[in-house]
Amino acid sequence: MIDKYSALEKLGLYTAIGIFLTFMLLPFVEMLLASLRPLTHLFRSPYQFWSDDMSLQAYSDIWVTVPKLPRYIFNSVFLASMTTLICMVFVVPAAYAYARFQFRGKAVSLALFLAVNMFAGAVLLIPLYKLLRGMGLLNTYWAMIIPGAAFLVPTGIYLLKSFLEKIPKELEEAAFVDGASRLYTLRRVILPLAVPGLIVVGVYSFIGAYAQQFLFAITFNQKRDYMPLPAGIFEFIGYQEVIWNQMMAASIIGILPVLFIFLFLQKFLMAGLTAGAVKS
Amino acid sequence: MATVALQNISKSFDDTQVLNNINLSIEDREFIVFVGPSGCGKTTLLRIIAGLEEASEGQIIIDGEDVSSAHPVDRGISMVFQSYALYPHLSVFENIAFPLRVAKVPEAELNQRVEHAANILQLTNRLQHKPGQLSGGQRQRVAIGRSIVRNPKVFLFDEPLSNLDAALRGDMRVELASLHQDLNATMIYVTHDQVEAMTMADKIVVINGGNVEQFGTPMELYHHPETQFVAGFIGQPNMNFISSTRTASTATNCSIKADGIGALTLPVSSCVGKEGDSLCLGIRPEDLSLTSSGQGFEMQVKVLERLGGSAIAYGTINSQVSGEQSFKAVLPGDVQVSPGQHIHLQVNPDKCHLFTSQGDAMHRLKAEV
Ligand SMILES: Nc1ncnc2c1ncn2[C@@H]1O[C@H](COP(=O)(O)OP(=O)(O)O)[C@@H](O)[C@H]1O
Ligand SMILES: [Mg+2]
Numbered sequence: 299m300i301d302k303y304s305a306l307e308k309l310g311l312y313t314a315i316g317i318f319l320t321f322m323l324l325p326f327v328e329m330l331l332a333s334l335r336p337l338t339h340l341f342r343s344p345y346q347f348w349s350d351d352m353s354l355q356a357y358s359d360i361w362v363t364v365p366k367l368p369r370y371i372f373n374s375v376f377l378a379s380m381t382t383l384i385c386m387v388f389v390v391p392a393a394y395a396y397a398r399f400q401f402r403g404k405a406v407s408l409a410l411f412l413a414v415n416m417f418a419g420a421v422l423l424i425p426l427y428k429l430l431r432g433m434g435l436l437n438t439y440w441a442m443i444i445p446g447a448a449f450l451v452p453t454g455i456y457l458l459k460s461f462l463e464k465i466p467k468e469l470e471e472a473a474f475v476d477g478a479s480r481l482y483t484l485r486r487v488i489l490p491l492a493v494p495g496l497i498v499v500g501v502y503s504f505i506g507a508y509a510q511q512f513l514f515a516i517t518f519n520q521k522r523d524y525m526p527l528p529a530g531i532f533e534f535i536g537y538q539e540v541i542w543n544q545m546m547a548a549s550i551i552g553i554l555p556v557l558f559i560f561l562f563l564q565k566f567l568m569a570g571l572t573a574g575a576v577k578s
Numbered sequence: 011m012a013t014v015a016l017q018n019i020s021k022s023f024d025d026t027q028v029l030n031n032i033n034l035s036i037e038d039r040e041f042i043v044f045v046g047p048s049g050c051g052k053t054t055l056l057r058i059i060a061g062l063e064e065a066s067e068g069q070i071i072i073d074g075e076d077v078s079s080a081h082p083v084d085r086g087i088s089m090v091f092q093s094y095a096l097y098p099h100l101s102v103f104e105n106i107a108f109p110l111r112v113a114k115v116p117e118a119e120l121n122q123r124v125e126h127a128a129n130i131l132q133l134t135n136r137l138q139h140k141p142g143q144l145s146g147g148q149r150q151r152v153a154i155g156r157s158i159v160r161n162p163k164v165f166l167f168d169e170p171l172s173n174l175d176a177a178l179r180g181d182m183r184v185e186l187a188s189l190h191q192d193l194n195a196t197m198i199y200v201t202h203d204q205v206e207a208m209t210m211a212d213k214i215v216v217i218n219g220g221n222v223e224q225f226g227t228p229m230e231l232y233h234h235p236e237t238q239f240v241a242g243f244i245g246q247p248n249m250n251f252i253s254s255t256r257t258a259s260t261a262t263n264c265s266i267k268a269d270g271i272g273a274l275t276l277p278v279s280s281c282v283g284k285e286g287d288s289l290c291l292g293i294r295p296e297d298l299s300l301t302s303s304g305q306g307f308e309m310q311v312k313v314l315e316r317l318g319g320s321a322i323a324y325g326t327i328n329s330q331v332s333g334e335q336s337f338k339a340v341l342p343g344d345v346q347v348s349p350g351q352h353i354h355l356q357v358n359p360d361k362c363h364l365f366t367s368q369g370d371a372m373h374r375l376k377a378e379v
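Heads up: the sequence lines are chains D and E, in that order. Heads up: the first sequence begins at 299 in our numbering, then just goes up one per residue. Heads up: the second sequence begins at 11 in our numbering, then just goes up one per residue.
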C-alpha cells in the first residue's frame, strides 16, 4: 500500500498512539518502579521517578513474607493450563462443525453462544455458586476451571471457525475421494493446517483464563492451597500496613508467564485475530 | 478396466435444475472429454460420477454395477481437482502416499508404489519437497500421482490444465495422452477448452445448459455437428454463421440464398419445409479459398493474424439485413493482404453446414466421414 499520509498527519497519528500507549503502560511502569523501591520511600514527596536506593530486595523478600507463593504461582499456571486444555477439547469439534456442516439452528445457537459473552462473569457469580455447590465442587480446582472454560468456549469457537473456513473444502473432498474418514481427515489434514488458529485460540484461552481466575478463586474457593496468585497476593495486605513493594514484585512475577506467551506468539495472534477479515 | 454408464442423471440445487436427464455410455479404456461453456454443469456431472455429489435422479453404473450411492473408493474412481487440492503441509511423497496410508498399505509396498508413480511422472527428485516449492506443472503431476497410486478403474479430471500457462498446457496435453496409453484406464476429463477436447479425446461429450448436445468422436463432431451450438463450439477459429432463406429443396439437396454470399445449393438430406423459411448457413473459416475479383463474394479484412503456415483474416462481409456482418477466413500463410483491403472468397457447397431456425443440423451427404 502506498503511504498516503502527509508529515503533519503522521505527527498527529504518532502523538495519538503515544498518548494511548502512555495511558496503557504507565501503570506497569509505576508497578515496576514501586517493586524496586524500599517500602519507606514509596510515599515520599516530592515524587521521584528514579532514585539511587532502588534494589531487587523485594523480589527476594516476597518468598519469606508469603511462604506459599510458589504454590500460588503453580496454581495459577496449572488452572490456566487446565482451563485452556478443556476449552480446546470443546472448541475444536464445535468450531469444525460450525465451519463445515449445515444443521438446523446453526445461526441461532452460534448467536446464543456469543450472547453468553455479553454477561460479565460477575453477573453470573451467584447462580454459578449455587450450581457448583449443588455439584459439590466448591473449594476444588474444578470450581475455578469449569466456569473459566465455559466463559472462553464461545469466543474460541468463533475464532477457530473463521480459521477453519479458510481451509479449502477441496482438500477435504480430495481426502474423502481417497477414502479417508472425517476424523482421519480432521487429524491429518485439517488440524495440521489449523495450527496457527489453534495457537491463537490456545493463547486467547490461556490469557483469558489467567485473567479471570481471580474472580472465581475468591468466590468459589476458600482453600489456601488451591488459590491462584492473584488471590494469594492478598496476603501482602497485613493488619498494620500493605507491603506495597513486595506486592508489586509478586504481581510482576505473576504477569510474566502471560507476557512471555504473548511476546512469543504475537505474530500468530495478530494474523489470527484478523483472519477472514479480508479475502485472500 | 471399466465401463461407465450414466442413466437419466438429473441434478437440481434447490430450485435450479443444473443437469437434465443425462444418458451416456462410456466404453472401457476410453478417454472421454466433457466440454462446454463455463457454468453448463460439467463439474457437477463429474462430481456426481465421483460420488461427491448425489444425483437428484438417475443411476451411475460402473462395470455393470449400480454405484449410485457407493463411496468414491468403492466406485473405483479417483479425481484430480481443478485447484489440485494438494495438502500443503505434507511432502510430495506423503501427498502421493495419502490414499495408501488411508488404506493402511504396508510400508514396503507403499514405498514401491509411490516411487513407481513418481517415476512415471518424473517427480523422483522432488519427493521430499513441499507443494509450495513446486512449479504449477509439478503440482499438477503430484495431483495426478496421488490419483494413479491407487490404481483406480476410472480417472476423473476437472479442468486440470486451466491453471497452467499456454506452453505448459501443450506439454501436459501430450503427457496426459501418453499417460492414458500407459495406464490403460478409463478417463473422464472436463474442460471448457475445445482445443483440449479435440486433441485428447477418443470421444467428446458437448454439454450446454445441463443437456448433452452431442456425444461422438472429435471428427464426427467436426464434420457432423448435430446442432448449431456444437458447430460453433468445435473448431478453431469457430464457424461463420450466415442467415439464409430457402429457395428450393429436393430429397438430396437444398438451395438457399445466403445473406452477403449469394445462391448456394447444398447436398443435405431431410431439408423439409417451405420456400422462404429462414435457415442458417455455417461455413468453417478453413473451408474458404481465395479467388479472383468478379467471382465468389467479397470480404473486407480488418485484422490479419499470421500464424506462419496459415493466416486468419477477421473482417466483414456485406449484409442485406444488418449492413455488414463479421466473418473469418483462413488463408494461406504468405497471403498478400493488408488490413482494410477487400478479398474475394469462394466456398465449396459440399463443405457447408445448414441449420434450421431451431438450430438443428441437416445431415450433410458429401462430408468426409
Ligand atoms: N453447490 C451448489 N449449489 C448451488 N448451485 C450450484 C452448486 N454447484 C454448482 N452450482 C450451479 O450449477 C451450475 C453448474 O455448475 P458447474 O457444474 O460448476 O459448471 P461448470 O463446471 O460447467 O463450469 C452453475 O450455474 C452453478 O452456479
Ligand atoms: Mg467447473
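These are calculated hints, taken from the structure and not from any lab test. Because the structure is a prediction, the values reported are computed rather than measured. Careful: at least some of the hints might be erroneous.
Stated by the list, open to error - The calculated BS3-like cross-link candidates involving lysine-lysine, where the alpha carbons are at most 27 Å apart (straight line), are:
#  : chain 1 : residue 1 : chain 2 : residue 2
1  : E       : K213      : E       : K376
2  : D       : K467      : E       : K376
3  : E       : K376      : E       : K267
4  : E       : K114      : E       : K213
5  : D       : K467      : D       : K308
6  : E       : K114      : E       : K267
7  : D       : K302      : D       : K565
8  : E       : K361      : E       : K376
9  : E       : K163      : E       : K267
10 : E       : K267      : D       : K467
11 : D       : K565      : D       : K464
12 : E       : K140      : D       : K464
13 : E       : K312      : E       : K284
14 : E       : K163      : D       : K565
15 : E       : K338      : D       : K467
Run the distance test for E:K114 versus E:K213: straight-line Cα separation, threshold 27 Å. violated (37 Å)
Starting from E:K114, check that the Cα of E:K267 is at most 27 Å away, please. violated (70 Å)
Going straight from one Cα to the other, do E:K163 and D:K565 come out at no more than 27 Å? violated (47 Å)
Regarding the pair E:K163 and E:K267, is the alpha-carbon distance no greater than 27 Å? The hint is violated at about 52 Å.
Taking 27 Å as the top limit, are the C-alpha atoms of D:K467 and D:K308 close enough? Violated: D:K467 and D:K308 sit about 43 Å apart, past 27 Å.
Is the Cα-Cα distance between E:K267 and D:K467 27 Å or less? violated (55 Å)
Pair hint E:K312 and E:K284, alpha-carbon separation not exceeding 27 Å: violated (37 Å)
Is it true that the CA of E:K140 sits at most 27 Å from the CA of D:K464? Holds - the C-alpha atoms of D:K464 and E:K140 are around 20 Å apart, at most 27 Å.
Taken at face value, is the distance from the CA of E:K376 to the CA of E:K361 at most 27 Å? holds (8 Å)
Is D:K302 within 27 Å of D:K565, Cα to Cα? Distance ~26 Å between D:K302 and D:K565 Cα, so the pair holds.
With the threshold set at 27 Å, check whether the alpha-carbon distance from E:K213 to E:K376 stays at or below it. holds (23 Å)
Decide if the proposed pair is consistent with the structure: D:K467 and E:K376, CA atoms, cutoff 27 Å inclusive. violated (51 Å)
Against the hints set out earlier in the document, violations occur for numbers 2, 4, 5, 6, 9, 10, 13, 14, 15.
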